[in-house]
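There are 4 protein chains.
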Amino acid sequence: MILRLKANSAENEIKELAERLHSLGFRTNISTGAHQTIIGLIGDTSKIDTDTLVALNPIVEDAKRISEPFKAANRKFHPESTVVDVNGVKIGEGWFHVISGPCSVESEEQIIKVAKSVKESGATLLRGGAFKPRTSPYSFQGLHGEGIRLLLEAKKETGLPIVTEIMDISTIDLFEDVDVIQVGARNMQNFEMLKELGKCKKPILLKRGLANTIEEFLMSAEYIMAGGNSNVILCERGVRTFETMTRNTLDLAAVALLKQLTHLPVVVDPSHAAGIRSLVAPLSRAALAVGADGLMIESHNDPAKALCDGAQSLDLDMFRDLMVDIRNRVAFEGKKM
Amino acid sequence: MILRLKANSAENEIKELAERLHSLGFRTNISTGAHQTIIGLIGDTSKIDTDTLVALNPIVEDAKRISEPFKAANRKFHPESTVVDVNGVKIGEGWFHVISGPCSVESEEQIIKVAKSVKESGATLLRGGAFKPRTSPYSFQGLHGEGIRLLLEAKKETGLPIVTEIMDISTIDLFEDVDVIQVGARNMQNFEMLKELGKCKKPILLKRGLANTIEEFLMSAEYIMAGGNSNVILCERGVRTFETMTRNTLDLAAVALLKQLTHLPVVVDPSHAAGIRSLVAPLSRAALAVGADGLMIESHNDPAKALCDGAQSLDLDMFRDLMVDIRNRVAFEGKKM
Amino acid sequence: MILRLKANSAENEIKELAERLHSLGFRTNISTGAHQTIIGLIGDTSKIDTDTLVALNPIVEDAKRISEPFKAANRKFHPESTVVDVNGVKIGEGWFHVISGPCSVESEEQIIKVAKSVKESGATLLRGGAFKPRTSPYSFQGLHGEGIRLLLEAKKETGLPIVTEIMDISTIDLFEDVDVIQVGARNMQNFEMLKELGKCKKPILLKRGLANTIEEFLMSAEYIMAGGNSNVILCERGVRTFETMTRNTLDLAAVALLKQLTHLPVVVDPSHAAGIRSLVAPLSRAALAVGADGLMIESHNDPAKALCDGAQSLDLDMFRDLMVDIRNRVAFEGKKM
Amino acid sequence: MILRLKANSAENEIKELAERLHSLGFRTNISTGAHQTIIGLIGDTSKIDTDTLVALNPIVEDAKRISEPFKAANRKFHPESTVVDVNGVKIGEGWFHVISGPCSVESEEQIIKVAKSVKESGATLLRGGAFKPRTSPYSFQGLHGEGIRLLLEAKKETGLPIVTEIMDISTIDLFEDVDVIQVGARNMQNFEMLKELGKCKKPILLKRGLANTIEEFLMSAEYIMAGGNSNVILCERGVRTFETMTRNTLDLAAVALLKQLTHLPVVVDPSHAAGIRSLVAPLSRAALAVGADGLMIESHNDPAKALCDGAQSLDLDMFRDLMVDIRNRVAFEGKKM
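Going down the list, the protein sequences come from chains A, B, C and D. Just so you know, the first sequence maps onto residues 1 to 337 in the working numbering. Just so you know, the second sequence maps onto residues 338 to 674 in the working numbering. Just so you know, the third sequence maps onto residues 675 to 1011 in the working numbering. Just so you know, the fourth sequence maps onto residues 1012 to 1348 in the working numbering.
Quick caveat, the hints were computed from the structure, so don't treat them as lab data. Predicted model, so just to flag it, every value in this text is computed and none were measured. The reader is advised that the hints may include incorrect statements.
Only pairs whose alpha carbons sit at most 25 Å apart, straight line, appear in this in silico PhoX-like list of lysine-lysine [what the hints assert, rightly or not]:
1) A:64 x C:750
2) B:343 x D:1087
3) B:384 x A:305
The following label-pair restraints were derived from C-beta to C-beta distances [said to hold, decoys possible]:
4) C:918 x D:1024: 23 to 33 Å
5) D:1036 x A:146: 52 to 62 Å
6) A:176 x C:732: 50 to 60 Å
We treat Cβ as the ideally placed atom computed from N, Cα and C, and that holds for glycine.
The task is simple: from the sequences and hints, build the whole structure.
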């Protein structure tokens, strides 16, 4: 951490500030230039805000962090890639798994039909929304507990582990038999929920928030890991920009960078990022090529009648065709499915 | 709602689509151009997604909404401005109230000292964080229930109604004696929490999310109102952009536009928007001039030692000076404090 | 400038890097922590990129600038506010001038009618586009040289100095009698043009680019000033964000911050920022309150028939009404018009 | 184009508006709902702004475009992919070419060394900056005419066609022997320059602006094409977002979407998008996989001493290694290099 002091700071003020910093447990390195004095802080700065430091003393002009604030998720301290085991499905370095299923669970018939089909096409996990975050209170909100029950039926039929989103920690008991709990983009900084999820041992699929930086994304993973649960799978799903032709802007550079910064697995959701069916296949290919460890793709038996997000869902034939292509490419990359 | 059809849609396909739309309860108006056919939907489209319509039928190229999806919050249907009464403090058209206090409640001494001082300076509500959303799990997270207890002590001493943030609905019982429950920017789309808050009658101060549009902001208010609670105060606090010199980019045009679109009161938080103490006064003046119904300003007895957000907090003297200025300006605007 | 070195940098590598930095004219301050070594650069770093420093040596992990790269525009080195004199109209601290006129000059009758009316209402400069930057090649592109001739006619009639936009430096001769040359948002980083404008002595009204930071804005002013022309007026006109209800997002915090960072005058264009007529008045009031030195407002004798930007133009009556209000407020602020 | 009328529009007002629209050459389709009347415009709306329509008449609430405003660039009207021929190097569908070279031409020795090496590695065009857009007037600005002369020397030595950026149309004569003229991101909406470039027949490499939408990008191509030059190569190079870890956010969904919307070739510049050397290889692989027609990659014989953008340049060995990988992948995709 580097503190830049105001232009005319008096020597005794600087001394006083340094003593304050020492009392907080830091060593200091003071460098006096012609126009500017700067103080370097040496010690564990992960527990202190730059804001707090600026506020410490009126002579501080600003503070800049020079080491990453994430520890448990940091590849520097854990060079080996984490592979999360979901009932035998390995998510992480060397593997490439595809999670698929409908935006919403709508009926037993629907979810079982989709599950059987995507399994046959090569998906190894089943997704389906039981609790649905919708912008409008007047839109379909999901089947809730009944949705989870139907997902478990589909799991019984196909053996596919299931992934579904939690929207409020009070419903955690309903997720007892769920294999992967998803935290949606809008809840990436629902810190109370992250803390609770840190207490369980289940794999957590954490989606990047619409306007969250890569660092904030890792800090949210850190919340879960700090609680004792290191089974975190990161999911890039697009960020919000000025562009309106696509639903969001998929940030594949973030995927490549995350693979360097953290040991956690990273998957990509091209369906929500693009919001347009015809972009799902090219973005899936790009995600694999950029180094992602897997995909999460919306598929539906009848997208035209889907209760949500139909415009971005593949029908089951399209999904099958895409998987033929993906399978070839995964082999080319030397990864296993 | 307008549906644009694909270039070579056959007549029977168009007819089939129209029938489907009629079965959903809409009337249709079909317009056939040289290159393009469009269908106008007539009826209540607030309960349907554009996505769903695109997915309805493969001949639909895209769908555009032409009427606002918010109803309860819409000024068109409720032309008269809502004034929210908080224990006698009136928030809304014709009034201008200033909410102030520290980012975090830190101790009884601190919160009482701040409360007395800001009251004397002219603030009419006291804010203070008991549950603090922090990017890092290693940062100070607030005093929780004890923080609320201390706020209530400060209320007893000063008579100021209190505003404090809820981060998880499971803690709702702790807010029984709180006067205004704040929903933070990160929880603006925590829909399960909004639904629960719709069931109580307490005033809710709803902050705009960092990357949420004005329409989404109003839809979140709509969640609360749809549950039966129309005591919603909107709070603009800056959106996230590429600019890094300020913490966020305060969107004062949104305030002026919200005042036209909705009957709900709108207040502005210049402290979190700017993140820099020296910008709080000019942005407060601008917020009043643009038509806001109030302000929420961070103040602290000793910003240098604040446990969070010290860099943007005013000390109690600065706050007093600002309020002298604000009082003059409120008189100039013909509003009451 | 602070260089952070990679974790396992060898002592001789660090020594070599330090020598390289000394050869570039910097003094260095090396600070060795448990996990990290950092080097502080002392000297004039305004002429060096952070990128260049990262590239200097493979042991450099990253570089952060700690002093502002702008010099001529920096208030630290020129504490007194610059007041730009435009034929006797003083733009800068203590004054508040309103520039008004149509988006495009359309005819002699139109521009003279508008000029007379806005002068009567209190505007002190006349704006009008002769060269129009339009997204589509099929839209009206302006009257070019003829447009400037008509502006000069209007100046002759009313005495109002004129402001008009240059789009290509090859047309500079046409601007000989123009009082203020405007550089539009899309040309804020047209560096070759900025350099040429630095060679003349005419006042330049420089608009902030749609996606340019405050620092980049000041660096573009620096381009003009480095050429010897210090008559630069900055104009905030909104930045591009995810919000679609307004044309752009007006950044009034940038105005307050610019007034602190630079001695140059800052004006605000609420018309282009909002793109909606009904927001022009509230944003004008807010701009004055936040500390701007003036406004630039689109007005038109018949907005319904304007060849561009009609939706955001005030008609001449609306402009007159707004100016009555503004005049009162300028008096309240203790400024002169 | 769809016009939405205000709630209480009188019948005679609607009639008057319709007549006005007919006089502008449109047919109209009027649809009257319970709360709202809308008018559909039928005819060529590419030459009219939505803004202009809103301004037409006070009863218009807003206007929405429903057909794309680009014509010459539109794949709907030109289904066959355009392949731009650059001295025998074919850029477009079925091919994958890599353009490489240094950010700046620095010396004859440097550019010839780089040119020979990248050619050997498989690049088929040489890039190098002679005119450099730099944020700071104090940074190195390029060798200008001498830079182009050195590029032509390198071309003579290697046979590689050359690509270099134009920053001001007044220098066009210097580009007589240049094979591809690059328009940089900051000049994407320098419309006067685009018009001039439309008059020559040389291939133009048009980079997407930092904050420009896909539609605006295509409209800038349309400017060049409307002038008669259809040799336009689009280049995605990242857009500006709130993320600060990468220089920009590479928008690969835009590449996939552009391939659907337009017949023009699309290449990707991963170097400028990421700004970080270690991301160039994964983003290059992703660009190929998403469907791009080529790459533009910065390479330098000694990145540590590069006069600009060293941090993102590959050294010549890294570039060779990347090209071995790319060559395999191009074969896998069934494309030719």
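Against the structure, the hints come out as follows:
1. Between residue 64 of chain A and residue 750 of chain C the alpha-carbon distance is near 21 Å, which keeps this suggested pair within the 25 Å criterion.
2. Distance hint between residue 343 of chain B and residue 1087 of chain D is fulfilled; the C-alpha atoms sit about 11 Å from each other, no more than 25 Å.
3. A C-alpha spacing of about 15 Å is found between residue 384 of chain B and residue 305 of chain A, which places the hinted pair at or below 25 Å, so the restraint holds.
4. Between residue 918 of chain C and residue 1024 of chain D, the C-beta spacing of about 28 Å keeps the proposed range 23 to 33 Å intact.
5. For residue 1036 of chain D and residue 146 of chain A, the hinted distance range of 52 to 62 Å is satisfied, since their beta carbons lie about 57 Å from each other.
6. Checked against the hint of 50 to 60 Å, the pair residue 176 of chain A and residue 732 of chain C passes, with Cβ atoms roughly 51 Å apart.
When held up to the earlier numbered hints, the structure conflicts with none and fits them all.
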